[in-house]
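Student: Chains as they are written, first to last, in this note's numbering: chain A, 1 to 314; chain B, 315 to 628.
Read the hints as simulated data drawn from the structure, not as lab findings. Hints should not be assumed to be uniformly reliable.
No more than 25 Å apart at the CA atoms, straight line, and that leaves these computed lysine-lysine pairs for BS3-like [what the hints assert, rightly or not]: (1) A:312 with B:520; (2) B:523 with A:243; (3) A:45 with A:4; (4) A:211 with B:557; (5) A:137 with A:4; (6) B:487 with A:243; (7) A:173 with B:557.
Protein chains: 2
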Amino acid sequence: MVIKNVTVIGGGVLGSQIAYQSAYKGFTVTIYLRSDASIQRTQPKLDRLHRIYLEELNKAKNGGPVCDGLVPDPQNPASADYDALLAQAEAAYTGLRLTTDLAEAVQDADLVVEAMAENLQQKLDFFAQMAPLLPEKTIVATNSSTLLPSAMADSTGRPEKFLALHFANNIWKQNIAEIMGHDRTDPAAYDLVAQFAEDIGMVPMKLRKEKAGYIINSLLVPLLSAAQGLLVDGIADPATIDKTWMMATCAPLGPFRLLDIVGLTTAYNVVMNHEDTHTDPTCMHARLAKLLKEEYIDKGKLGVITGEGFYKYQ
Amino acid sequence: MVIKNVTVIGGGVLGSQIAYQSAYKGFTVTIYLRSDASIQRTQPKLDRLHRIYLEELNKAKNGGPVCDGLVPDPQNPASADYDALLAQAEAAYTGLRLTTDLAEAVQDADLVVEAMAENLQQKLDFFAQMAPLLPEKTIVATNSSTLLPSAMADSTGRPEKFLALHFANNIWKQNIAEIMGHDRTDPAAYDLVAQFAEDIGMVPMKLRKEKAGYIINSLLVPLLSAAQGLLVDGIADPATIDKTWMMATCAPLGPFRLLDIVGLTTAYNVVMNHEDTHTDPTCMHARLAKLLKEEYIDKGKLGVITGEGFYKYQ
Chain A
1 MVIKNVTVIG GGVLGSQIAY QSAYKGFTVT IYLRSDASIQ RTQPKLDRLH
51 RIYLEELNKA KNGGPVCDGL VPDPQNPASA DYDALLAQAE AAYTGLRLTT
101 DLAEAVQDAD LVVEAMAENL QQKLDFFAQM APLLPEKTIV ATNSSTLLPS
151 AMADSTGRPE KFLALHFANN IWKQNIAEIM GHDRTDPAAY DLVAQFAEDI
201 GMVPMKLRKE KAGYIINSLL VPLLSAAQGL LVDGIADPAT IDKTWMMATC
251 APLGPFRLLD IVGLTTAYNV VMNHEDTHTD PTCMHARLAK LLKEEYIDKG
301 KLGVITGEGF YKYQ
Chain B
315 MVIKNVTVIG GGVLGSQIAY QSAYKGFTVT IYLRSDASIQ RTQPKLDRLH
365 RIYLEELNKA KNGGPVCDGL VPDPQNPASA DYDALLAQAE AAYTGLRLTT
415 DLAEAVQDAD LVVEAMAENL QQKLDFFAQM APLLPEKTIV ATNSSTLLPS
465 AMADSTGRPE KFLALHFANN IWKQNIAEIM GHDRTDPAAY DLVAQFAEDI
515 GMVPMKLRKE KAGYIINSLL VPLLSAAQGL LVDGIADPAT IDKTWMMATC
565 APLGPFRLLD IVGLTTAYNV VMNHEDTHTD PTCMHARLAK LLKEEYIDKG
615 KLGVITGEGF YKYQ
């Protein structure tokens, strides 16, 4: 089996990027959306992505920096035929199909990538609704950041063809895809999805077992949590902490700069997930939640996205 | 008061570097050593440092890369007078005084930097022995990596003039100094030591409060521990974990590359400090300790220092 027809479920930030990038790389892509209102919210995201891809390709064509996800060989960007890539972007944009008809959306899907909101019950209900509509061949992947595939496998009706395929934001430049099966995932389905990730310009990061947080967040959360602990405990300020980290590890970005990129709302949600945040106001998590809310979020300082977080941008 | 005369206690890896770098930057430096045997072990370390400094300065003079701790203005290394710096290195090397006479070593010290082995009782005994020999003016700093200054302050007889000044290895290029007082450290002494750190070419990282692990290890240990957890749990291999981290955070080094630099013996010691390592053989720490010992340490794979750790070097 070869993956050719891809159906993306949901047109949010990641859903629209996965759809556009897959189409850009030559796959036949359908986006399933719940309602006409969803279609109206998704189309501007696709328009914006189309502008970005054209802009980035034109920049690269004129000798500017190259986004790794856009060219066939990121090690050798000069070898790319940028006019052909611009034509690919046009074809992607015009070829994308948006529909509210689920049966039609999945009727010939080789791969379904689910990119709905991060809500387990909604996902379970959706998978159960989709299961009888899928052809035998279809592999189903979830882009969930926090839920384990084993928790959803049965609802798909095809646990052996179900796994996680997790993207980072801005996939045309942050071109990582973490691939994670569960106990019953068929290795053949796993390999096909890993190959698909590569075929759409991602660097596939293969997890051998299930792990909450995958690789990235399993590493990032403890680092960012430790950095925020130093801040709430008054040990040092963000600039000092970042500078120390950067000098000690040769990194271009310190933890507070990374937090500004991740977004302070996400940082807040992470700390609110700790139980002691709600039961012990003196604990680090509760003090951090208070600091994030009162000093940053309530003041509109959400990070890079609003132009200010721990740092100011522009 | 101005710091001019510096006495370094101990001639180990860091002691010899602190002494040489301080002398190189124009301070009058005495190294106190316990015995003639210690002097004989320390002198070759100073000889080696002297060769490194001359080599690095000559490389930089000929347009090669520049170590930040060696030049007056790392932002503008071309402005440095390398012949004058080479003369400074010669003067440092010939000017260093090694003695086994503690009274003489500290009799006119403005600053004592303790860089003995990491053993609390030995440090307490030493500080108590040194206390009656110190002039009123002397500030005492400990380079301890893991002990808090508050745990040693009273033994110095001058808690208000006692604090931590913590260096990274290879201080001529990893030129960070973490400065950490305890509750009773006089802010004036703190400021003088921060100024001294800057005067010997370090970037001073000022901690406002005591914190085990300072900034660097408070951040590094959770990240490295999370990465090692992914490895022992069989989630992914070191190369995949490093690559994911590097791509996600734009860092040039992933956690396993950092572990090879830190050294696997240190990683092993850190994990052996956890109580459950010794009581529960199924816990992550115990499995990690076993993996580090059997697969790496027992095979001589200690990291960069032996040419192989998680990666091979040359």
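Student: For every hint, state whether the structure bears it out.
Tutor: Here is what the structure says about each hint:
1. A:312 with B:520: 22 Å, holds
2. B:523 with A:243: Holds: residue 523 of chain B and residue 243 of chain A sit about 18 Å apart, inside 25 Å.
3. A:45 with A:4: Distance ~23 Å between residue 45 of chain A and residue 4 of chain A Cα, so the pair holds.
4. A:211 with B:557: 17 Å, holds
5. A:137 with A:4: 12 Å, holds
6. B:487 with A:243: Holds, because 15 Å separates the two Cα atoms, which is no more than 25 Å.
7. A:173 with B:557: Satisfied, since the Cα-Cα distance of roughly 15 Å is no more than 25 Å.
Against the hints set out earlier in the document, no violation occurs for any number.
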